[in-house]
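Q: For reference, the chains in residue letters:
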Amino acid sequence: MLATTLEARELSKSFSGPPLFSNLSFSASSGLVAVSGRNGSGKTTLLKILARLVRPGAGSVRVLQASREVGGDERRRAVGWAGPDLAFYDDFTAQENLVFFRRAAGLGAGAAAIRGRLERVGLEAVADRSVGAFSTGMKQRLRLAFALLCDPPVLLLDEPSAGLDDRGRARLAEVVAERRRVGPVFLASNDARDFESPDQVIELAGR
Amino acid sequence: MTDNGSARSLARIWAICAKDAAQEARRRVALASVLFFAATALTLVSFAVGPSGFARQERGPLHAALLWILLFFSTATGLPRAFVREEESGTALALRTVAPATLVLAGKTLFNFLLFLAIAAVTVPGLGILLSWEVASPGAMAVVLVFAGYGLTVVSTFLSALIARAAQKNVLFVLVCFPLLVPLLLSSIAATAAAAEGSLASMPLRVILAYDGAATCGAYLLAAAAWEE
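Chains as they are written, first to last, in the numbering used here: chain A, 1 to 207; chain B, 208 to 436.
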């Protein structure tokens, strides 16, 4: 996996009224980056900006691989995102959902590759069940599998432990421990248990 | 783009089209509502106008206009679902993270175009039977339907992306769609009437082809602005 750096420069964002955050700059190539702050402080918005799902009011986000800025599909595959409002096709099974998203990303969707990702989050036994019949915790596990879909060096996880049982939390901790060694893992949470010895902390004060 | 890159893009477009088709096959919401609308409108038109209400020379343009009114409103019933469904179900975020707007638009346009052809395959013979409308040149009619249908589909799908996050989506879709489609619909009616008489009208067909080209370029250039935040 290529050494990858996610770099944010002077990010600002406001929806109405005073800014959620302003002049936020940071950079990470590996390790756990804890994004903390009270409710409404902009954690979800910040992670969506890093995932390019929301435009910042000002500032820029760059993904660098071997000191070269990547864009387009390279960038899409370099950054894996999962958040509370990430939803899947209820009519499709977990496996069908992941197969579709891998194909839409322009990657092969062999059965072994998909099964491997479902096993990683403990969903292999329900791979052929419709997502519409999934519990909150199962959907949360599928979100984690989605974030890992393209083997991205950068992971952006927003409230990844919400709704998870103890086994689910353990799986999540394993994934974070493994991935923080090879690339940056940005994790936003209100639960301090999610941040096991973070390498960097981004504290959002909110407005 | 390299050949490999083009092949991969086509595979991604096909994956998005196949996903929409699989969803439609399981739910049958768009197809059922569109075909129901087309069948109801066809029946009403056949009773109101009937096969012999007008002189033969007057029937061509009238039947052509009726056909395109039917096709326009039938597609307006089903095509806006393309992007609206993704927004309403929350799957738009997942789709945005894996594929660029241009490929998503292309995949959904392809699915909508196939849906349009399915509607036309029911509507055209239905209108022919109920109104005793004889088409002298079925080949010319097929050419007009394919090219005009493509333009109708591209514009409708693009507008679906544009209005997906707006309030009052369906009203907005028809209000914005109609003025944009008037040039295409007028040319399509003229070309259809000519095809029914046995000729391929070159001027309306040229307008349709130019419209298709402009609509494709516009949709491609503005796809990201319409679909991404």
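I should point out that these hints are in silico values taken from the structure, not numbers from a laboratory. Honestly, I wouldn't trust all of these hints.
Example chain B residues on the side facing chain A (calculated, C-beta under 8 Å, incomplete) [unchecked claim]:
#	residue
1	Ser213
2	Ala214
3	Arg215
4	Arg233
5	Arg235
6	Thr247
7	Leu302
8	Ala306
9	Arg372
10	Lys376
11	Gly405
12	Ser409
13	Arg413
14	Leu416
15	Ala421
Just so we're clear, the structure is a prediction, and the values are computed from it rather than from any experiment. Beta carbons are placed, not taken as given, at the ideal position from N, Cα and C, and that holds for glycine.
Q: Each hint needs a verdict: does it hold in this structure or not?
A: These are the hints, each one checked on the structure:
1. Ser213: violated, 12 Å
2. Ala214: This hint is violated: Ala214(B) lies away from chain A, its Cβ roughly 10 Å from the closest one there, beyond 8 Å.
3. Arg215: Interface hint status for Arg215(B): holds (5 Å vs cutoff 8 Å).
4. Arg233: The hint holds - Arg233(B) has a Cβ within 8 Å of chain A, the shortest such distance being about 5 Å.
5. Arg235: violated, 11 Å
6. Thr247: Violated, because the Cβ-Cβ distance from Thr247(B) to chain A comes to roughly 27 Å (cut-off 8 Å).
7. Leu302: The hint holds - Leu302(B) has a Cβ within 8 Å of chain A, the shortest such distance being about 7 Å.
8. Ala306: Cβ of Ala306(B) sits 5 Å from chain A, so the hint holds.
9. Arg372: violated, 13 Å
10. Lys376: violated, 18 Å
11. Gly405: Given a least distance of 45 Å, the restraint on Gly405(B) is violated.
12. Ser409: Violated, about 40 Å.
13. Arg413: Violated: closest Cβ of chain A sits about 36 Å from Arg413(B), beyond 8 Å.
14. Leu416: violated, 31 Å
15. Ala421: violated, 26 Å
Consistency note: the structure conflicts with the earlier hints numbered 1, 2, 5, 6, 9, 10, 11, 12, 13, 14, 15.
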